[in-house]
Amino acid sequence: MESVSFPPLSRVAVCGGTHGNEMTGVYMVRHLQKEKIDKIGSVSVSTVLTNPRAVEICRRYVETDLNRCFTEALLNSPVTDSSPYELRRAQELNAQIGPKGSKEAMDLIIDIHNTTSNMGLCFIFYSIDWFTLHILKYLQSKMASVEVRAIQLDIPIAEAYSLESVGKHGFAIEAGPQPNGVVRADIHNMVKEAVDHIFSWLQEFNSGNTFEGGEVEAYTLEKSIDYPRNPVTGEITAAIHSQLQDNDFKLLQRGNPIFMSFSGETVKYDGEDLYPFFVNECAYYEKKIAFHLARKIKLTLPPIKVTG
Amino acid sequence: MSSYNNTARFSEARRVAIFGGTHGNEMSGVTLVNLWTKNGTEIQRKGVEAVPFITNPKAVEKCTRYVDTDLNRAFTPENLSAPGGNDLPYEVLRAQEINRIFGPKGSPEAYDVIFDLHNTTSNMGCTLILESSKDHFNLQMMNYIKKAMAPASCLVLMNEHPLLKYSTSRSVAKHPVGLEVGPQPQGVLRSNIFEAMRVILKHALDFIELFNEGVEFPPCTVEVFRVLEWIDYPRDANGNIIAMVHPNLQDCDWEPLNPGDPMFQTFDGKTIHYQGSGTVYPTFINEAAYYEKQQAFITTRRETLVASAIIKA
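Chain order of the listed sequences is R and D. No gaps in the numbering here: position 55 of the first sequence is 54 in numbering that gives the first Met the number 0, and each next residue is one more. No gaps in the numbering here: position 85 of the second sequence is 84 in numbering that gives the first Met the number 0, and each next residue is one more.
Everything labelled a hint here was simulated from the structure, so no lab data went into it. Ideal Cβ positions, reconstructed from N, Cα and C, are used throughout, including at glycine. Accuracy of the hints is not assured; some may be wrong.
Stated by the list, open to error - Going by beta-carbon spacing under 8 Å, a handful of chain R positions derived as facing chain D:
#1 Val28
#2 Arg183
#3 Asp185
#4 Ala238
#5 Asn246
#6 Phe248
#7 Leu250
#8 Tyr284
Let's have the full structure, built from the sequences with the hints guiding it.
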């Protein structure tokens, strides 16, 4: 494949606390701010605690999920003092590290999240972005003891609703399993190591290194499955089956158990072979998602290097 | 109940309550109590009136630990007798209501047994919480449950510490029993944790049924972990934590922690070691709700308690 060249990535934002109870990002950003880190080699770093009011009360959000507020439509909608806090905050953040779609936007936005699901270390991104995939390939080679996975949300950027879509390039780091409100040292250390490698990669890229092409596997969201619910009250009537619990990314096939009802019946999966993820994520009960299902795809990367 | 050889007599344990949702985001108890409120067949036992009850409905509705203040710390004498009506914090009002229905605390009219169902983000497995080393009825029940669950583990945590003991919702009853099962994140329902709690309660109710039928339970010994102290995270001048539970301690509830063992890790990777004078058994390691209570983990020591024989009076 032909090599592709890009201008240097010299302005990077590291964000945490987009969900105020996902603690790895909160503590990492606080630590970077305490150490007054604003430059790493050739890269200038902005550290942003994105939802400080939610962080203060250790809740996912105050009025509405901040990480659904970054569509073009919402970023351009008129807001007043009585608009939901997160809608207003999204527009502030867009001015600070965007604006989305413009020349002034950050070259790269890294947004750090946690999940209660057993997903290990995942990179979530929208478009097929060579940077994200090269960084992922690099991390996979450097972090041999950790399974690093890529999740692609096939949504056009204008409709992309999460924070990282504001930058010219961006991805969310999703690390789990970790309960809300808790900071686990093993998860923190894994994310810190990943972020350190990302900055090494950025240095190497900016200083002219060519990164070879290759193939990367990614998971692309296909559909979501809700919990069985009481048709009248809407209350859930089953829990994720113990054979699915903690088995994110293990192929799910027709006939495999997925739920165990409170009265002891097993509910089995009836669909095509797909890969479950975000299995039993706390925040998704209210979004009516017990787990997502993904297709595995292979992406071919061209070699990339910096222009000039 | 003075000597080892005497059989202690207790009145029939007829009125039993099962509390869920004392913390509104601890889902096993919320789910079980809601289930049993709709269909109580599973908790029915001869001679027992078992009442399932959601203690903090507003917190359950918001899927949060509490609305104004921690209900499981609210049952102090001051709170239970506080005037002020609707100006009082929600949970203080709830405590007074619960005390009216299931108490009054300390009186002969109080419920015989209350099981209070909790989850923890700590890797504590199945834990029973005992509030008094002199409650031979509870000791015998816990011995019965442990033996019934074996080889699966069910440990007993005893909090009798004069300063660290707190006023729980279950303390309204003559025999308060805490059930703490983890690890489970707040707001999440894990099937294995849910089923484990269900099994503990099944055995507990079986014990009460047998006791009420007149079965004599011979003297026994019960291993407990006695609460010694709470250890907080290292913090900066603003009160923010500056270190996390060390990876070597994380998930190691009930395993020995020796002086010199790693205890915390700072955000830039330095290790802070345990400086105690002897081996302790830590638990409630990295419980989400305890960051605001300044508790990274608690230390305990192992003890063997002796329970006298018991029989219905």
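- prompt: Checked against the structure, which of the hints given earlier come out wrong?
  reply: Going through the list in order, the structure violates hints 1, 5, 6, 7 and respects the others.
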